[in-house]
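Line by line, the protein sequences are chains X and W. Sequence positions in the first sequence follow my numbering and run 255 to 517. Sequence positions in the second sequence follow my numbering and run 432 to 692.
These aren't lab readings, by the way, just hints derived from the structure by calculation. Any given hint could be a false lead.
To be verified - Computed far set for chain X versus chain W, every beta-carbon distance over 12 angstroms: (1) PRO295; (2) GLN397; (3) PRO479.
Said to hold, decoys possible - Estimated spans, in silico, between C-beta atoms of each pair: (4) W/ASP659 / X/GLU448: 37 to 43 angstroms; (5) W/ASN528 / X/ARG483: 53 to 59 angstroms; (6) W/ALA468 / X/HIS420: 47 to 53 angstroms; (7) X/ALA487 / W/LEU583: 21 to 27 angstroms; (8) X/PRO473 / W/PRO523: 34 to 40 angstroms; (9) X/SER360 / W/GLU526: 36 to 42 angstroms; (10) W/ASN634 / X/ASP462: 52 to 58 angstroms; (11) W/ASN528 / X/GLU352: 27 to 33 angstroms.
These figures come from a predicted structure and were not determined experimentally. Glycine residues also receive a C-beta, built at the ideal position from the N, C-alpha and C atoms.
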Amino acid sequence: MRNSFVGVVVALSAALICAATASAQTQTPSESSKSPASFDPHDLSGVWMQDRPRMITVLQRYWIYELTQEEPPMTAWGEAQYKAHKSSYGTHSYPLAETNDPVYGSCSPPGFPRAFFHAFPLQIVNAPGEVIMLFEWDSVRHQIFTDGRPHDTSLGPLWMGDSVGHWDGDTLVADTVNFNDKTWLDRIGHPHSEALHVIEHIRRTDHDHLQDDITIDDPKAYTRPWTGRIVFALKPKWTLAEEFCEDIHSFENIENQETAPAK
Amino acid sequence: MRNHSALAAAIALSFCMAVFAQTKPQAEAPKSAIVDAPHDLSGVWMLDHTRPLTVVERFWMYELTAEEPPMTPWGRAQYDASKSSFGTRSYPLAETNDPIYHVCTPPGYPRVILHPFPLQIIQSSAEVIMLFEYDSVRHQIFTDGRAHDTALGPLWMGDSVGHWEGDTLVADTVNFNTKTWLDRVGHPHSDALHLVERIRRPNHFHLTDDITVEDPKAYTRPWTAHLDFLLHPKWTLAELFCEDQDTFEDIENNEIKPAAK
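Start from the sequences, fold in the hints, and give me the full structure.
Given below as structure tokens:
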């Protein structure tokens with residue numbers, strides 16, 4: 255993450271000014287009252303970093319490696335997958351030399367929603383007909399089309415899935431399917447199949463906070479749909495940096511960095 | 432690339448600009464052609480091939496210019512050691528040492544431009560971002576007046592800052608690592624690589640990028656290339672990770688054919 259004052263601040267204020275001006279023109283000029291914290295609920299743009307209001311899990315680890323603290327309700331198949339996944343994190347962590355984490359061995363794309371659980375910021379940008387999350391980690395993107403298109407399953411199984419969304423009031427509802435089965439759902443090795451269906455309710459609860467309620471629906475891996483909430487804090491002075499998996503040379507470095515509290 | 436109707440890019444921004452325009456006198460309203468707001472480069476763009484084709488009847492461009500760039504002895508030695516599977520001196524697929532194909536490392540900049548997939552430009556007043564379909568990499572040009580940040584260590588895509596000179600975005604990129612090739616035929620660069628791009632939208636449907644490559648270790652003098660891009664209003668980016676291209680044969684077979692829209 256890079257610090258830059260002007261960047262996001264200017265971008266956000268420009269967007270706000272434009273939006274405010276645009277709407278003001280159709281309204282009476284009287285109501286130009288804007289508190290400093292005012293925001294357009296449909297503008298999610300900015301650099302966001304996961305905020306951790308939940309209880310810390312075991313091992314005094316600072317970062318969150320999974321979506322919820324409660325164990326998700328795995329099927330027998332899901333449980334078998336989970337047992338076979340030797341994560342270097344979490345309650346059943348393996349020594350680094352023994353992990354079979356698909357990201358660390360070959361630097362394959364982390365996939366979605368796993369990319370959320372790497373300890374780096376994301377940036378949301380708006381383009382016409384789409385809302386895009388750019389992840390600092392490994393440069394992956396979660397591209398949500400909001401132009402009314404249906405899912406496009408002709409693309410073959412995807413690492414990040416195929417996402418379409420629509421606004422339900424102030425909430426962006428994003429629906430993602432068409433995943434490959436090469437990724438873990440999170441960083442401790444919870445499984446998913448190609449039947450994974452992720453539903454997100456993304457909402458800017460105030461100017462400085464974003465929340466994403468994520469429902470995991472995968473009948474092959476889980477006995478019922480289950481949900482988790484991720485809360486993000488706006489980082490107006492940050493911009494994304496380059497952070498490719500290839501540059502992290504040893505797993506030890508990763509672990510050492512991540513057990514330290516975030517700046 | 433995915434087809435879908437989304438010309439809204441220009442429309443949204445023009446609308447925004449139109450709002451500001453209301454404060455101006457009402458006289459100047461050109462109607463016929465699509466008029467973009469100044470400095471609006473947004474959209475999905477695909478490399479256009481207006482230059483004469485190089486040898487071997489290959490359809491795609493694998494390098495920045497048809498002319499051989501002026502290499503230093505060090506640069507020439509690097510180039511000779513690069514066994515590309517493309518271009519005039521292509522090696523059999525089994526023998527290539529192309530850094531991308533065996534281990535799927537990031538293609539780096541500017542090489543990624545030469546992979547035959549579209550890019551999307553997204554922008555705000557503080558940055559212009561090129562999102563590449565190929566391998567999901569991004570070329571993020573900060574236009575907020577910041578200086579280069581060399582504290583980040585050598586980068587695959589470099590560190591880019593830019594400013595507007597009239598209608599031209601001038602982007603300056605440094606701080607590269609030495610793990611990438613400059614292009615797809617194996618032209619070299621060192622960590623002294625310095626790119627200056629002059630990016631302009633001469634009309635609604637065209638974008639040009641004049642790139643100056645400066646790298647005194649690899650080249651005897653700075654040299655330039657001109658790239659043309661065509662707007663594809665109905666395309667959106669798809670997912671295209673290197674990891675999904677299972678065989679080198681597939682890659683070559685796909686790329687010697689013209690693009691299917």
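Which hints from the list above does the structure break, by number from lowest to highest? Hints 2, 5, 6, 8, 9 and 10 contradicted; others consistent.
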